[in-house]
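Asker: The residues making up each chain are set out below.
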Amino acid sequence: MKLNSKFFVLIIVIVLLIPSYVFSAGNVPVYKFGIDAACPPWTWVEKGEVLGFDRELIDFICQEEGFEVEWTDIPWSTIISATSQGKIDILGGGLSFTFERAEIIDYARVHFKIGTHALARKDSTLTAENVFTNGNKIASQAGSTEYKWVQEELKDKGADIELVGYESWDDAISDLETGRIQAVVMNQPQAVAYSEKRDVKIVAEDLFVDLIAYAVTPGDPYNLIPKLERGIKKAYDSGLWAKLVEKYMPWSKVEEVPYPADLQQK
Amino acid sequence: MPITLQVENLKKSFGNLEVLKKVSFNLEKGKTMVVIGPSGSGKSTLLRCINQLTPPDSGSVVLDGIELTNNKTDLNEARSEIGFVFQNFNLITHLNVLGNVSFGPLRVKGKSKKDSNDIAMEELKKVGLEDKAFSYPAELSGGQQQRVSIARALALNPKLILFDEPTSALDPELIGEVLDVIIKLAKEGMTSLIVTHEMGFARSIADEAIFLENGIILEKGPPKDLFSNPKNKRTMDFLQKISQLYGEE
Amino acid sequence: MHIFSVILSELPQFLKGILIAIKLAAGLLTFGFILGMTMAMLEVFGNKIISKITSFIRKLLWGIPQIILLLLVFYLPFDMNPMIAAIIALGLCSSAFQSQIFRGAILSIDPGQIEAAKAMGLKSWKILLYIILPQIMILSVGPWTNEFSSEIKDTSLAYVVGLIEIMRQARYIITYTYGNSLAIFFFAGLIYFVLTKIGNTIFFKIEDLLWVPGFEKRRE
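Respectively, the protein sequence lines represent chains F, G and V.
Per the working numbering, the first sequence starts with residue 1, numbered consecutively.
Per the working numbering, the second sequence starts with residue 1, numbered consecutively.
Per the working numbering, the third sequence starts with residue 1, numbered consecutively.
Read the hints as simulated data drawn from the structure, not as lab findings.
It should be emphasised that the depicted structure is a prediction, and the values quoted were computed from it without experimental measurement.
Just so it is clear, CB atoms sit at the ideal spot from N, CA and C, and this is done for glycine as well.
There may be inaccurate statements among the hints.
Here are the simulated EDC-like cross-link-like pairs (lysine to aspartate or glutamate), alpha carbons at most 20 Å apart as the crow flies [said to hold, decoys possible]: (1) V/Lys16 <-> F/Glu70; (2) V/Lys59 <-> V/Glu147; (3) F/Lys137 <-> F/Asp199; (4) G/Lys187 <-> G/Asp207; (5) V/Lys16 <-> F/Glu49; (6) V/Lys118 <-> G/Glu81; (7) V/Lys118 <-> G/Glu67; (8) V/Lys16 <-> F/Glu46; (9) F/Lys234 <-> F/Glu68; (10) V/Lys118 <-> G/Glu77; (11) V/Lys217 <-> G/Glu139; (12) G/Lys22 <-> G/Glu213; (13) V/Lys126 <-> G/Asp74; (14) V/Lys118 <-> G/Asp74; (15) F/Lys137 <-> F/Asp171; (16) F/Lys197 <-> F/Asp170; (17) F/Lys233 <-> F/Glu246; (18) F/Lys32 <-> V/Asp79; (19) F/Lys47 <-> F/Asp59; (20) V/Lys123 <-> G/Asp74; (21) G/Lys109 <-> V/Glu115; (22) V/Lys126 <-> G/Glu77; (23) G/Lys220 <-> G/Asp207; (24) V/Lys126 <-> V/Glu115; (25) F/Lys197 <-> F/Glu46; (26) V/Lys123 <-> G/Glu77; (27) G/Lys109 <-> G/Asp64; (28) G/Lys241 <-> G/Glu165; (29) G/Lys231 <-> G/Glu208; (30) V/Lys126 <-> G/Glu81; (31) V/Lys123 <-> G/Glu81; (32) V/Lys118 <-> G/Glu165; (33) F/Lys137 <-> F/Asp123.
Sample of chain G residues with no beta-carbon within 12 Å of chain V, all distances over it, derived [as the list claims (entries may be wrong)]: (34) Asn70; (35) Leu174; (36) Lys187; (37) Gly189; (38) Glu213; (39) Met236.
With the sequences and hints as input, model every part of the structure.
Answerer: Have a look at this one:
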């Protein structure tokens, strides 16, 4: 019966496809490096390739310390939890250090200090003095340190603003351009990039300093923190660090890294 | 004449309702027995108890020496020796006529596709429908579907065929073609047990007739006795009522 | 216009996302098919206890949002390939819907045929294979096409477990081109529309091939 033979052909085809869904690993240890891949200049994906500051730095560290990474893209809202649970081995891509986060993930020493700026539409008349007043809608990426700063240092302290969260920086910038919101509080590297490429400008600078560091699963089961810190130091000593800063964040100072651990003590 | 079917003390109740109350009879090989009686008398239940579609509460059914009521008997094996023609035809909807009739030999008896189809075509010729072999049940009239259903039963080469009111669901003008087929089978010596309301047909085809009322065989005998000279008053009442409704034949 | 040249040059990336989405859809639909068919059979033919348990599981899976199921599977305490995790999570949801479709199909099969098959001495598993299953197929193709369309779109949720499907690819492109979100998302939407249309056309063809007189035709 024509029904039966079609059935079996279908089943055979499906069974043959199954192997292509599962892939195998190599023989150097491979760790999952988690990023929310749309976060320049740390990481972004162009034509299928992960590019950016973190990409080049981590490639270098991998070579020096003898391991490989698998770039894993997880949305920011769940990425910290994923690291905490061991679904991601190393977390980077512009991760900021906070004491709360340090309770659920283990940080390596800070390797970058960046400022935070506020962006407004290019034709806006807002200034650093009046941007956070007048019931203005201020936006930031949900779950980020920038968002938390606006919440705790402005809104909770009585500033006359409305705080709006976005899943991605792009969405925030788009809404800023259409005028749905008045300002976006964003980390310096991305703020500079957006101010160059989109219809937005920086109206307030250096609102606070963010500390950038890599983090791993609590307990550092694979002993990755020493490797990362060594790798960062080697990058600095070899001059690679200066090159990368010049390439990706030319407005930043080149300082000796990684920074001392007391930066992360209470 | 050897006895094909032996039914002894068959009892069946549904909840509080006792439908069959100790029914016993024998059917000889090659003979046709007809069961008549009012609605609710247990006629359908009787047939279904024979091939265990409805297992009886007690009593025995023996087909050609094999006791169907015994749990140790391979029921499927036994059932493949009994043809069953349903009132509502019950053809398999997604198969064409050839597929339906060859289904028994192919899937139940495990014959080859070619053999099954050959058998099927032969039976279809017997019922006069070989030109409808590739039609689907939905495209046939009720009378045609029932004839296919008879061909399907025949394809199993059964020892016995049970007919459960084979024409009750048909439009009047289609009844004749089905009855003709059944009469032909009876003449060729197919052992048959037929439940029917068609009195004229019953009288002409039966070797023996049973009048079933309220789960009991009130009367049994050759048709010329039962139909013309019923001994029991209730039989007479029933026959009169039927002839009023359906007209003398 | 600039945005068109961007989209054109990014076509290979979109293609990668499409391939992933198709793989995911195929995987989850198959998983959902096997599980859904099993649940439908158990619910209709199983004894009272099995039937009740299966019914409960089905209603549970029906009621949980897919995102939550994705996160639940993702956070299970063992390592899992994101594609497999997505297939399992979305497949579980799909199985609930598919089992409803199959259950409806089984219940609309005329039980008289099954009686006739029994009366012929056909074993139960053969009745299942030769009578029930083929008819389930014919009766299910129509509604199943709807489920297929739905699941193609649901693949966009798999970014939560790290799968780079169509929507994620769109995000990447928006980010590094500092580009026009509206146009790129619109294009992504277009992709889903085309995929759904192609799939539907295939299934309508299948429906036509399977159909025999005696069953309802969905369109004409």
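Asker: Can you list which hints this structure breaks, lowest number first?
Answerer: none
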